[in-house]
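S.K.: Protein chains in written order, with my numbering: chain A, 2 to 255; chain B, 20 to 324; chain C, 2 to 67.
Mixed in with the good hints, there may be bad ones.
[To be verified] Simulated pairs of lysine to aspartate or glutamate, EDC-like, Cα-Cα distance not exceeding 20 Å:
| no. | chain 1 | residue 1 | chain 2 | residue 2 |
| --- | --- | --- | --- | --- |
| 1 | B | Lys149 | B | Glu135 |
| 2 | A | Lys178 | B | Asp75 |
| 3 | B | Lys158 | A | Glu94 |
| 4 | B | Lys73 | A | Glu15 |
| 5 | A | Lys253 | B | Asp75 |
| 6 | A | Lys252 | B | Glu85 |
| 7 | A | Lys253 | B | Glu105 |
| 8 | B | Lys149 | A | Glu111 |
| 9 | A | Lys10 | B | Asp75 |
| 10 | B | Lys92 | A | Glu111 |
[Unchecked claim] Chain A is nowhere near these chain B residues, computed Cβ spacing over 10 Å in every case:
| no. | residue |
| --- | --- |
| 11 | Glu85 |
| 12 | Asn94 |
| 13 | Glu136 |
| 14 | Gln165 |
| 15 | Gly233 |
| 16 | Gly236 |
Treat the hints as calculated values from the structure; they're not laboratory data.
Here the structure is a predicted model, which means the values were calculated and not measured.
We put the CB at the ideal spot given by N, CA and C, even for glycine.
Read off the chains here:
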Amino acid sequence: MNHFHVFFKKELRESVRTHRLLIILTIFFMFGVMNPLTAKLTPDLLAKFLPEGMIIELPVPSSLDSWAQFFKNVTQMGLIVVLLVFSGILANEITQGTLINLLTKGLSREAVITAKYAAMLALWSMGVLVSSLVTWGYTVYLFPDGKSHNLVFAVFCLWLFGAFLLAQLVFSTTLVKSSYGSLIITGAVVVFLNILQVFPGVQPWNPLVLATHNMELIGQNLEPSFFARPIGLAFLGCCLLVVLAVVVFRKKQI
Amino acid sequence: MHVLEIKGLHKSFGKNHVLQGLDMAVPSNSVFGFVGKNGAGKTTTMKIIVGLLKADRGTVTVCGEEVAYGHTKANRHIGFLPDVPEFYGYMRPREYLQLCGEIAGLPPRRIRERSEELLSLVGLSDVSRKISGFSRGMKQRLGIAQALLGEPRLLICDEPTSALDPVGRKQILEILASIKGKTTVLFSTHILSDVERICDRIAVLDGGRLVLSGTIGEIQKQYRSNSFSIRFASAEQAAEFVSLPELGQAGITVAQAGESLTITLEGENTHGQMLIDLLSAKQITPERFEVMEPTLESLFTEVVQ
Amino acid sequence: MEMLQEYWPFFVPLIASQFILAVTALVHVLRHPNYRFGTKAFWIPVVLLIQFIGPVIYFVFGRGED
Chain A
2 MNHFHVFFKK
12 ELRESVRTHR
22 LLIILTIFFM
32 FGVMNPLTAK
42 LTPDLLAKFL
52 PEGMIIELPV
62 PSSLDSWAQF
72 FKNVTQMGLI
82 VVLLVFSGIL
92 ANEITQGTLI
102 NLLTKGLSRE
112 AVITAKYAAM
122 LALWSMGVLV
132 SSLVTWGYTV
142 YLFPDGKSHN
152 LVFAVFCLWL
162 FGAFLLAQLV
172 FSTTLVKSSY
182 GSLIITGAVV
192 VFLNILQVFP
202 GVQPWNPLVL
212 ATHNMELIGQ
222 NLEPSFFARP
232 IGLAFLGCCL
242 LVVLAVVVFR
252 KKQI
Chain B
20 MHVLEIKGLH
30 KSFGKNHVLQ
40 GLDMAVPSNS
50 VFGFVGKNGA
60 GKTTTMKIIV
70 GLLKADRGTV
80 TVCGEEVAYG
90 HTKANRHIGF
100 LPDVPEFYGY
110 MRPREYLQLC
120 GEIAGLPPRR
130 IRERSEELLS
140 LVGLSDVSRK
150 ISGFSRGMKQ
160 RLGIAQALLG
170 EPRLLICDEP
180 TSALDPVGRK
190 QILEILASIK
200 GKTTVLFSTH
210 ILSDVERICD
220 RIAVLDGGRL
230 VLSGTIGEIQ
240 KQYRSNSFSI
250 RFASAEQAAE
260 FVSLPELGQA
270 GITVAQAGES
280 LTITLEGENT
290 HGQMLIDLLS
300 AKQITPERFE
310 VMEPTLESLF
320 TEVVQ
Chain C
2 MEMLQEYWPF
12 FVPLIASQFI
22 LAVTALVHVL
32 RHPNYRFGTK
42 AFWIPVVLLI
52 QFIGPVIYFV
62 FGRGED
């Protein structure tokens with residue numbers, strides 16, 4: 002068996018036994034249920050808190066509101082939880098020394114990085130899948146209005162953005178010693194991408210739109226082709242960051 | 020045949036020159052004690068041998084294969100036990116050994132057989148709880164099992180006994196002694212009694228180089244000072260012997276403790292025979308006449324200052 | 002009450018998943034009494050009373066080494 006396979010198995014077992022998988026699945030499941038429910042209940046709740054006698058026209062909620070909740074929650078809380086859960090995945094092994102026994106048995110360092118990234122991707126994918134399927138089911142149940150389009154593609158864009166941030170996390174975790182340091186670097190990258198949005202010339206390339214413009218896609222206000230360049234760049238970014246992580250990690254004295 | 024050969028090894032951390040031209044050779048099937056003060060560079064040397072650190076200069080050869088940092092080919096000959104081995108706490112011992120075996124590329128059946136053999140060697144056969152519940156000593160023993168899994172020709176142990184209580188230490192030393200002859204063992208320590216207990220060769224590291232190396236017998240012979248201990252029948256007889264003019268010569272120091280004398284001869288043409296001649300001329304039969312062997316401790320303090 | 006009846010297909014799975022997470026965290030808190038910070042008396046209410054976030058915070062920041 003090759004080292005990637007062996008170490009990937011170990012990472013999956015670790016995710017199950019340290020409850021990483023459980024956390025991600027339940028949190029994303031919760032989002033899946035909450036998204037349509039919040040969309041449904043928000044107008045009612047608002048109405049209750051309005052002063053007596055005041056009448057405003059509250060829009061009737063639709064499936065679009067439910068998906069808007071999905072993209073808001075998964076990009077914010079969802080991604081934060083995933084990054085937090087994985088922040089220590091390499092740093093802890095290095096500070097505790099658990100890699101030493103395996104590296105001295107000839108475990109290749111490429112396998113360590115790639116298997117860890119693959120395990121992160123696997124859990125992130127499961128989370129996104131669970132959350133989007135549950136949201137989809139309840140949305141169809143509550144709002145059978147057929148107003149939402151390009152769902153699979155919009156979710157894919159968000160997934161890819163998450164994959165890009167995880168690659169960034171893996172790379173930064175080879176640069177700094179502490180798990181918090183790698184989180185700070187990853188956070189800084191997100192801030193940086195947000196700043197780049199200010200420049201109109203950069204915008205059509207910025208991977209950030211993969212997580213910010215999903216609703217335009219669902220409401221058919223943007224063509225899918227709008228995302229071609231950010232997708233290409235995010236994909237390249239993932240590959241480049243993982244390769245860089247391997248290069249840095251190979252030189253690291255442990 | 021040398022299992023391990025180190026030539027001209029240099030390593031610095033910033034301005035701290037830890038190794039300054041270390042030369043060392045470990046012959047096969049020896050139990051090799053690697054002795055030095057804390058911070059002398061024992062761990063650094065070992066980490067370079069197993070490829071965890073990059074040497075600044077010099078070569079390390081394991082079973083005829085040169086160690087290159089970043090490549091782990093030579094590691095298949097080596098089993099390594101770090102000073103504090105760390106494991107995945109959520110695994111059980113057999114699961115952990117299986118992971119190690121798969122990484123080392125052993126066939127599944129072999130992994131199962133070796134795991135059972137080794138777990139019984141280190142006394143963990145009946146332990147199936149997760150490693151997170153292990154004591155320090157149990158982790159050290161599991162560490163030996165993982166190091167021996169691939170039947171390495173060389174087992175490197177970094178201070179395997181330092182952190183343990185006396186019972187744990189004894190167990191580890193017994194395990195190391197039991198694999199003598201099948202595997203060459205290189206272990207570092209600053210506990211000299213451990214060395215005396217199981218090693219047949221030692222090397223002392225100080226100031227980034229070896230200051231002493233060889234079999235324990237050779238070293239003791241080489242450093243045998245011209246010291247003799249003589250016990251007489253009575254304290255009076257001892258005092259009488261001390262007062263002899265022959266013992267008043269330059270280069271002879273005598274210390275008396277009751278009926279025993281410790282005599283050190285430093286002059287060039289004085290050796291033990293002179294004392295025997297003197298005893299015989301005075302018709303004294305001592306109760307004991309002994310050439311004093313230097314203890315490892317006295318040697319160690321002498322060479323590392 | 003009326004709302005609960007109308008929306009039970011939402012509340013039942015939500016409560017069930019929160020329950021699973023809280024119980025898993027509680028068992029871990031009780032069985033691994035070394036935390037990076039805090040005490041048992043601190044973590045038990047955190048994982049039981051703060052829905053979803055409590056157990057996540059415990060597993061990410063609070064749990065000691067395994």
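S.K.: Compare the structure with each hint and give your call.
M.R.: Do the hints match the structure? See the list:
1. Lys149(B) / Glu135(B): Status holds; Cα separation ~17 Å.
2. Lys178(A) / Asp75(B): Violated, at roughly 23 Å.
3. Lys158(B) / Glu94(A): holds, 17 Å
4. Lys73(B) / Glu15(A): violated, 30 Å
5. Lys253(A) / Asp75(B): holds, 15 Å
6. Lys252(A) / Glu85(B): Distance of about 19 Å is within 20 Å: holds.
7. Lys253(A) / Glu105(B): holds, 19 Å
8. Lys149(B) / Glu111(A): At roughly 28 Å apart (the allowed maximum being 20 Å), Glu111(A) and Lys149(B) break the hint.
9. Lys10(A) / Asp75(B): violated, 36 Å
10. Lys92(B) / Glu111(A): holds, 15 Å
11. Glu85: Glu85(B) clear of chain A: closest Cβ-Cβ about 16 Å, beyond 10 Å.
12. Asn94: For Asn94(B), whose nearest Cβ neighbour in chain A is about 5 Å away, the distance does not exceed 10 Å, so it is violated.
13. Glu136: holds, 17 Å
14. Gln165: violated, 6 Å
15. Gly233: It holds; Gly233(B) is separated from chain A by about 28 Å at its closest Cβ, greater than 10 Å.
16. Gly236: Holds, since 33 Å exceeds 10 Å.
In this structure, the hints that do not hold are numbers 2, 4, 8, 9, 12, 14, in rising order.
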